[in-house]
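There are 2 protein chains.
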Amino acid sequence: MAYSFVSHLYCPKCQNTYSADEKANVCACGSPLLVSYDYAGIKAQLTKETLVKRKPDLWRYHELLPVKNKENVTSFGEGMTPLIEMKNLSEEYGIKTVWMKDEGLIHTGSFKARGSAVGVSKAKELNIKEIAMPTNGNAGAAWALYAVKAGIKSHIVMPLDAPLITRKEVYISGANLYLVDGVISDAGKIVARSVKENGWFDVSTLKEPYRIEGKKTMGLEIAEQLDWELPDVIVYPTGGGVGLIGIYKAIKELMELGWVKKDKFPRLVAVQAEGCAPIVKAFNEGKRESEFWQDSKTSAFGINVPKALGDFLVLEAIYETSGCAIAVDDDTILSEQQLIAQKEGAFICPEGAATFAAIRKLRESGWIKSHESVIGLNTGMGIKYPETVEADAPLVGKEEAIY
Amino acid sequence: MAYSFVSHLYCPKCQNTYSADEKANVCACGSPLLVSYDYAGIKAQLTKETLVKRKPDLWRYHELLPVKNKENVTSFGEGMTPLIEMKNLSEEYGIKTVWMKDEGLIHTGSFKARGSAVGVSKAKELNIKEIAMPTNGNAGAAWALYAVKAGIKSHIVMPLDAPLITRKEVYISGANLYLVDGVISDAGKIVARSVKENGWFDVSTLKEPYRIEGKKTMGLEIAEQLDWELPDVIVYPTGGGVGLIGIYKAIKELMELGWVKKDKFPRLVAVQAEGCAPIVKAFNEGKRESEFWQDSKTSAFGINVPKALGDFLVLEAIYETSGCAIAVDDDTILSEQQLIAQKEGAFICPEGAATFAAIRKLRESGWIKSHESVIGLNTGMGIKYPETVEADAPLVGKEEAIY
Numbered sequence: 001m002a003y004s005f006v007s008h009l010y011c012p013k014c015q016n017t018y019s020a021d022e023k024a025n026v027c028a029c030g031s032p033l034l035v036s037y038d039y040a041g042i043k044a045q046l047t048k049e050t051l052v053k054r055k056p057d058l059w060r061y062h063e064l065l066p067v068k069n070k071e072n073v074t075s076f077g078e079g080m081t082p083l084i085e086m087k088n089l090s091e092e093y094g095i096k097t098v099w100m101k102d103e104g105l106i107h108t109g110s111f112k113a114r115g116s117a118v119g120v121s122k123a124k125e126l127n128i129k130e131i132a133m134p135t136n137g138n139a140g141a142a143w144a145l146y147a148v149k150a151g152i153k154s155h156i157v158m159p160l161d162a163p164l165i166t167r168k169e170v171y172i173s174g175a176n177l178y179l180v181d182g183v184i185s186d187a188g189k190i191v192a193r194s195v196k197e198n199g200w201f202d203v204s205t206l207k208e209p210y211r212i213e214g215k216k217t218m219g220l221e222i223a224e225q226l227d228w229e230l231p232d233v234i235v236y237p238t239g240g241g242v243g244l245i246g247i248y249k250a251i252k253e254l255m256e257l258g259w260v261k262k263d264k265f266p267r268l269v270a271v272q273a274e275g276c277a278p279i280v281k282a283f284n285e286g287k288r289e290s291e292f293w294q295d296s297k298t299s300a301f302g303i304n305v306p307k308a309l310g311d312f313l314v315l316e317a318i319y320e321t322s323g324c325a326i327a328v329d330d331d332t333i334l335s336e337q338q339l340i341a342q343k344e345g346a347f348i349c350p351e352g353a354a355t356f357a358a359i360r361k362l363r364e365s366g367w368i369k370s371h372e373s374v375i376g377l378n379t380g381m382g383i384k385y386p387e388t389v390e391a392d393a394p395l396v397g398k399e400e401a402i403y
Numbered sequence: 001m002a003y004s005f006v007s008h009l010y011c012p013k014c015q016n017t018y019s020a021d022e023k024a025n026v027c028a029c030g031s032p033l034l035v036s037y038d039y040a041g042i043k044a045q046l047t048k049e050t051l052v053k054r055k056p057d058l059w060r061y062h063e064l065l066p067v068k069n070k071e072n073v074t075s076f077g078e079g080m081t082p083l084i085e086m087k088n089l090s091e092e093y094g095i096k097t098v099w100m101k102d103e104g105l106i107h108t109g110s111f112k113a114r115g116s117a118v119g120v121s122k123a124k125e126l127n128i129k130e131i132a133m134p135t136n137g138n139a140g141a142a143w144a145l146y147a148v149k150a151g152i153k154s155h156i157v158m159p160l161d162a163p164l165i166t167r168k169e170v171y172i173s174g175a176n177l178y179l180v181d182g183v184i185s186d187a188g189k190i191v192a193r194s195v196k197e198n199g200w201f202d203v204s205t206l207k208e209p210y211r212i213e214g215k216k217t218m219g220l221e222i223a224e225q226l227d228w229e230l231p232d233v234i235v236y237p238t239g240g241g242v243g244l245i246g247i248y249k250a251i252k253e254l255m256e257l258g259w260v261k262k263d264k265f266p267r268l269v270a271v272q273a274e275g276c277a278p279i280v281k282a283f284n285e286g287k288r289e290s291e292f293w294q295d296s297k298t299s300a301f302g303i304n305v306p307k308a309l310g311d312f313l314v315l316e317a318i319y320e321t322s323g324c325a326i327a328v329d330d331d332t333i334l335s336e337q338q339l340i341a342q343k344e345g346a347f348i349c350p351e352g353a354a355t356f357a358a359i360r361k362l363r364e365s366g367w368i369k370s371h372e373s374v375i376g377l378n379t380g381m382g383i384k385y386p387e388t389v390e391a392d393a394p395l396v397g398k399e400e401a402i403y
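Just so you know, the protein sequences line up as chains A and B, in that order.
Anchor point for the first sequence: position 199 equals 199 in the numbering used here, and the numbering is continuous, going up by one each time.
Anchor point for the second sequence: position 278 equals 278 in the numbering used here, and the numbering is continuous, going up by one each time.
Hints in this document: simulated from the structure, not taken from any laboratory.
Warning: the hint list may mix true and false statements.
Identical copies go unnamed one by one, so any copy, or any two together, can satisfy a pair.
[As the list claims (entries may be wrong)] Subject to a maximum C-alpha distance of 25 Å in a straight line, what follows is the list of computed BS3-like cross-link-like pairs (lysine-lysine): (1) 264 / 189; (2) 53 / 287; (3) 53 / 43; (4) 153 / 68; (5) 189 / 307; (6) 87 / 70; (7) 361 / 297; (8) 129 / 68; (9) 343 / 129; (10) 398 / 153; (11) 129 / 87; (12) 262 / 307; (13) 343 / 153; (14) 55 / 13; (15) 87 / 343.
Just so we're clear, the structure is a prediction, and the values are computed from it rather than from any experiment.
Sequences and hints are given; from them, build the entire structure.
Right, here's the structure in full:
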């Protein structure tokens, strides 16, 4: 019984292949690398009936993950996050079924934990001792804390404006933390320079192949949680876009395994903020790559990514599934965040709120039909962004009552 | 197939019984009420084999929960939180096995979600329209947000010094939020007065019988996650003590069902802060009830409870299981919090850190033996307490590198 059926890495641009047993960053051509598996081998070993008895974390899909030796799995029980039916939002939006996949219920309170769980575990397997990365906050927190458990030293560079709590998460982990007065691209350049000089392993978004594998488990879980009947639409807040690429890859792999129907791909939607919408611009212009977005700005900090290395993979996922890309403005994001708390009792992050604001807009425009089923990804807990919420409240005397 | 096998409520002090189909607060004698079930009925319907196929949330134990009609279940997928082996802490403490039950991975990031999930669902079943409660923060946030989903209006009174993020959670839910310049007992008095004047339902700790039922699922999960082999010791940070009472009740019920061995009860440990340790004082004096703790103060805000209504139940659980009660000081709590982040990659709350500091002390004193297995409850995410952590980091220029 193999723990993993990983076979090799391949380049989606030039089709070059690489070993999954050696350290790899990007292809010689500069493209991110993707992971391939022995799908026939998986088919022969893994059944849906086996799966149901496994622990409710993302390692239940270990045959479809790149870690070969179970001993290298570095886990805080991440995965199998709830898929919650949002009946009040369904009514509000006029859509038959609206689910929220709640990625707040995971180590560090952000979906970034999935990428770091698999990425750090594989780094441990490849005997990597020091990693470095730029981050908008949540990814840095997740990688720094997972790295501790794996015995790996990490170096994190973060914009000054990133959510303060993520800075504290990195700090308490004991990682080397640096700040830059700029955006994530500036942090990325510092990291690129530093890994060369120090011989650290660069784990920037899509500069290592395994983060996608962690993120793809969102797609695997969605399929399993819906008893292998996929929804009509999946909506995802898009910065680096790894989650969308991962969900697309997951569904293709499930089709390859024959676990979901081949004829019906959910339409994938990339949501961005109006202050940083390079993927949306490229989509609207029918292009297959995006351009650097100047002076990007949004309160949904996690999706402030002016140019994603995997932009062409995000756009491919959108085009191939008849999906779309859509931008929402910051005021709309914050009012949707409040509405969801007051209608559904869920305090979600601004990026997640952007997702639901987009679902509302897409229903209004008719792109989503009233009879359809839609999943919105909430990528993290609202409590990581306290500055988006006020807290006015009257003071009561100890001898008083309230009415 | 009954969804619930709830039979009635009973008073653990005077043995009076009450219906579980009508609103109930405390017994006429003033004691909290406990929930009883038809255990023979459960035995006949529910098997461990059935359980394994159910969704990974606390409602998998619905036969052992008080909600009769599934339609009233108000859920965000809470429960089946990870039980994580802490190998580095085992080594650090010199204890064979140390697990952390991580209650941060739940709606609102705090174990309070369990009590509110079941309490709010049952309130909905009983047709309750408005609830009121005092809170140290996390419980208020959880009850306010669950109440939204159930269509119940809530009134929350919170000390001024409670964690700011919990104030924001209550605020964004649209609940009526009030602050008091005092401790939770002061908030409790305001609520007691207000429920009388307004006809609201009082859901203060142990003033309604169903919160314990939610909390007891921690005990059910621990047993299931360890394949029905209980650990030697379970350590729990104790404010109101509902979790400890719940875990004790859970294990007794599992013994009644014959799902765990009757001869070996885990020793239950109540951990308090030195600045607020009424249960510890009572335990040290061999008493069965605690006294009000004057001028209580601790950075582990959730366990700042000067006098718990269920103190006698907490002490009973300790005495009956040959457990103990122990206090740790605030400096030790904060240094243990940091150590756990840097040894295990887990950023836990101060209350959770108190738990692990207590495990260390109990091993040092020999009360826990080196060959034993110990579970520590981390009751919430560290990110809810940003003020406990610094975030110093150097600024790097955009054209620089780091070393």
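Checked hints:
no.: 1; hint: 264 / 189; verdict: neither (41 Å within a copy, 59 Å between copies)
no.: 2; hint: 53 / 287; verdict: neither (44 Å within a copy, 46 Å between copies)
no.: 3; hint: 53 / 43; verdict: both (17 Å within a copy, 22 Å between copies)
no.: 4; hint: 153 / 68; verdict: within (22 Å within a copy, 51 Å between copies)
no.: 5; hint: 189 / 307; verdict: within (13 Å within a copy, 56 Å between copies)
no.: 6; hint: 87 / 70; verdict: between (40 Å within a copy, 15 Å between copies)
no.: 7; hint: 361 / 297; verdict: within (21 Å within a copy, 49 Å between copies)
no.: 8; hint: 129 / 68; verdict: within (18 Å within a copy, 54 Å between copies)
no.: 9; hint: 343 / 129; verdict: between (47 Å within a copy, 16 Å between copies)
no.: 10; hint: 398 / 153; verdict: between (51 Å within a copy, 23 Å between copies)
no.: 11; hint: 129 / 87; verdict: between (47 Å within a copy, 19 Å between copies)
no.: 12; hint: 262 / 307; verdict: neither (32 Å within a copy, 61 Å between copies)
no.: 13; hint: 343 / 153; verdict: between (43 Å within a copy, 12 Å between copies)
no.: 14; hint: 55 / 13; verdict: neither (36 Å within a copy, 40 Å between copies)
no.: 15; hint: 87 / 343; verdict: within (9 Å within a copy, 42 Å between copies)
In the structure shown, a violation is registered for the earlier hints numbered 1, 2, 12 and 14, in ascending order.
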